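So the sequences go chain by chain: A and B. At position 94 of the first sequence (counting the first as 1) the number is 94 in our numbering, and the numbers step up by one without a gap. At position 55 of the second sequence (counting the first as 1) the number is 55 in our numbering, and the numbers step up by one without a gap.
Since the hints were made in silico from the structure, they are not lab data. Check before you lean on any hint, since a few could be wrong.
[Stated by the list, open to error] Quick list of simulated restraints, FRET-style, between CB atoms:
#: 1; chain 1: A; residue 1: Lys34; chain 2: B; residue 2: Glu106; range: 16 to 24 Å
#: 2; chain 1: A; residue 1: Glu76; chain 2: B; residue 2: Arg142; range: 34 to 42 Å
#: 3; chain 1: B; residue 1: Thr7; chain 2: A; residue 2: Ala117; range: 44 to 52 Å
#: 4; chain 1: B; residue 1: Glu107; chain 2: A; residue 2: Asp60; range: 25 to 33 Å
#: 5; chain 1: B; residue 1: Thr7; chain 2: A; residue 2: Ile75; range: 42 to 50 Å
#: 6; chain 1: B; residue 1: Gly65; chain 2: A; residue 2: Ala16; range: 54 to 62 Å
#: 7; chain 1: A; residue 1: Asp60; chain 2: B; residue 2: Ser92; range: 26 to 34 Å
#: 8; chain 1: A; residue 1: Ser78; chain 2: B; residue 2: Ala76; range: 27 to 35 Å
#: 9; chain 1: A; residue 1: Asp60; chain 2: B; residue 2: Glu10; range: 21 to 29 Å
#: 10; chain 1: A; residue 1: Gln42; chain 2: B; residue 2: Asp75; range: 44 to 52 Å
#: 11; chain 1: B; residue 1: Arg61; chain 2: A; residue 2: Gly17; range: 46 to 54 Å
#: 12; chain 1: A; residue 1: Ile75; chain 2: B; residue 2: Lys133; range: 36 to 44 Å
#: 13; chain 1: A; residue 1: Asp60; chain 2: B; residue 2: Ser134; range: 28 to 36 Å
[As the list claims (entries may be wrong)] DSS-like, lysine-lysine: derived pairs with alpha carbons at most 27 Å apart:
#: 14; chain 1: A; residue 1: Lys34; chain 2: A; residue 2: Lys95
#: 15; chain 1: A; residue 1: Lys95; chain 2: B; residue 2: Lys88
#: 16; chain 1: A; residue 1: Lys104; chain 2: B; residue 2: Lys96
#: 17; chain 1: A; residue 1: Lys104; chain 2: A; residue 2: Lys83
#: 18; chain 1: A; residue 1: Lys58; chain 2: A; residue 2: Lys6
#: 19; chain 1: B; residue 1: Lys32; chain 2: A; residue 2: Lys34
#: 20; chain 1: B; residue 1: Lys32; chain 2: A; residue 2: Lys95
All values derive from a computational prediction rather than experimental measurement. All C-beta atoms in this analysis are idealised placements derived from N, C-alpha and C, irrespective of residue type, glycine included.
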Amino acid sequence: MQSETKSRVEQVTSPAGQAVAVLRFEGDIASTSKDAVLGAFQALPKETARLVLLDFSKVDYINSSGIALVIQLLIEASNSGQKVAAFGLSAHFTKVFTMVGITKYAGLFGSQAEALAGL
Amino acid sequence: MKAPKPTCVEVRLPSRLGYEKVAMSTAASVAKLMGFREDRVEDLKTAVAEACINAIEHGNRLNEGLSVGVVLSVDADSLEVKVIDDGKGMKSRPVKPDIDRKMHGEEDPRGMGMFLIQALVDEAEWVVGSEGKSSYVRLVIRLDKDAA
Chain A
1 MQSETKSRVE QVTSPAGQAV AVLRFEGDIA STSKDAVLGA FQALPKETAR LVLLDFSKVD
61 YINSSGIALV IQLLIEASNS GQKVAAFGLS AHFTKVFTMV GITKYAGLFG SQAEALAGL
Chain B
1 MKAPKPTCVE VRLPSRLGYE KVAMSTAASV AKLMGFREDR VEDLKTAVAE ACINAIEHGN
61 RLNEGLSVGV VLSVDADSLE VKVIDDGKGM KSRPVKPDID RKMHGEEDPR GMGMFLIQAL
121 VDEAEWVVGS EGKSSYVRLV IRLDKDAA
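In isolation and in its complexed conformation, chain A is listed as follows (with noise of 0.2 Å):
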């Protein structure tokens, strides 16, 4: 029942002219999205991958699980001196990652294009 949870990285240049690593989700984050989630952000080189991207844009449920996911994500990240940025969040999910504290540790954006000037 529940949709399984695609991942594909793709490799992009930010303005700065920095390397980034976009991981773009598509289906539902949940339970189930742990090889998906984690999975794929484990799979990246942490000598390369400093700066991440999450793609949400393709999402359209995210259960409190799925929040989890999230941010044991960021854990990993932090404790590899990655820095994480996500964009394309409805505003509802926007609010609910908002409330849960996750714009701590991650900057939340719009778009591609705003989350590659922000980093």
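Put chain B on the given structure of chain A with help from the hints.
Positioned in the frame of chain A, the structure of chain B alone reads:
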């Protein structure tokens, strides 16, 4: 003169994660029919989904032999949702997540469901059922006609 009969919608879910989306969609449909603003419908969807997940995981402990009842009662200016399971009820109260403690491994990254429920609706109460069964969470969301 008799009072109008309240409109009631009931859904019964299997105790299987993912089926909370059925209750979520039903609640959203009812709220839209009542004229709730889109942002309030989104609040309700998350609150109902989290209540059902708690019922499936903690109340019925993922026992697919048990079902979760969802009862939506429509009033003139509010919608009440009861999510009923066969557990012993939630004795803990919602706690605001502390992101710093979570980031430092001092608090479980999970455990935000009750907080989200309480934060997103106008009323939320957790009721322990008699003889440790039929516990429920009751949510109320009100139509804000001035802001509509």
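For each hint, the structure was consulted:
no., hint, in the structure
1, Lys34/A / Glu106/B: 16 to 24 Å, "holds, 22 Å"
2, Glu76/A / Arg142/B: 34 to 42 Å, "holds, 41 Å"
3, Thr7/B / Ala117/A: 44 to 52 Å, "holds, 49 Å"
4, Glu107/B / Asp60/A: 25 to 33 Å, "holds, 28 Å"
5, Thr7/B / Ile75/A: 42 to 50 Å, "holds, 46 Å"
6, Gly65/B / Ala16/A: 54 to 62 Å, "holds, 57 Å"
7, Asp60/A / Ser92/B: 26 to 34 Å, "holds, 30 Å"
8, Ser78/A / Ala76/B: 27 to 35 Å, "violated, 49 Å"
9, Asp60/A / Glu10/B: 21 to 29 Å, "holds, 25 Å"
10, Gln42/A / Asp75/B: 44 to 52 Å, "holds, 49 Å"
11, Arg61/B / Gly17/A: 46 to 54 Å, "holds, 53 Å"
12, Ile75/A / Lys133/B: 36 to 44 Å, "holds, 38 Å"
13, Asp60/A / Ser134/B: 28 to 36 Å, "holds, 32 Å"
14, Lys34/A / Lys95/A, "holds, 23 Å"
15, Lys95/A / Lys88/B, "violated, 32 Å"
16, Lys104/A / Lys96/B, "holds, 15 Å"
17, Lys104/A / Lys83/A, "holds, 12 Å"
18, Lys58/A / Lys6/A, "holds, 10 Å"
19, Lys32/B / Lys34/A, "violated, 33 Å"
20, Lys32/B / Lys95/A, "holds, 20 Å"
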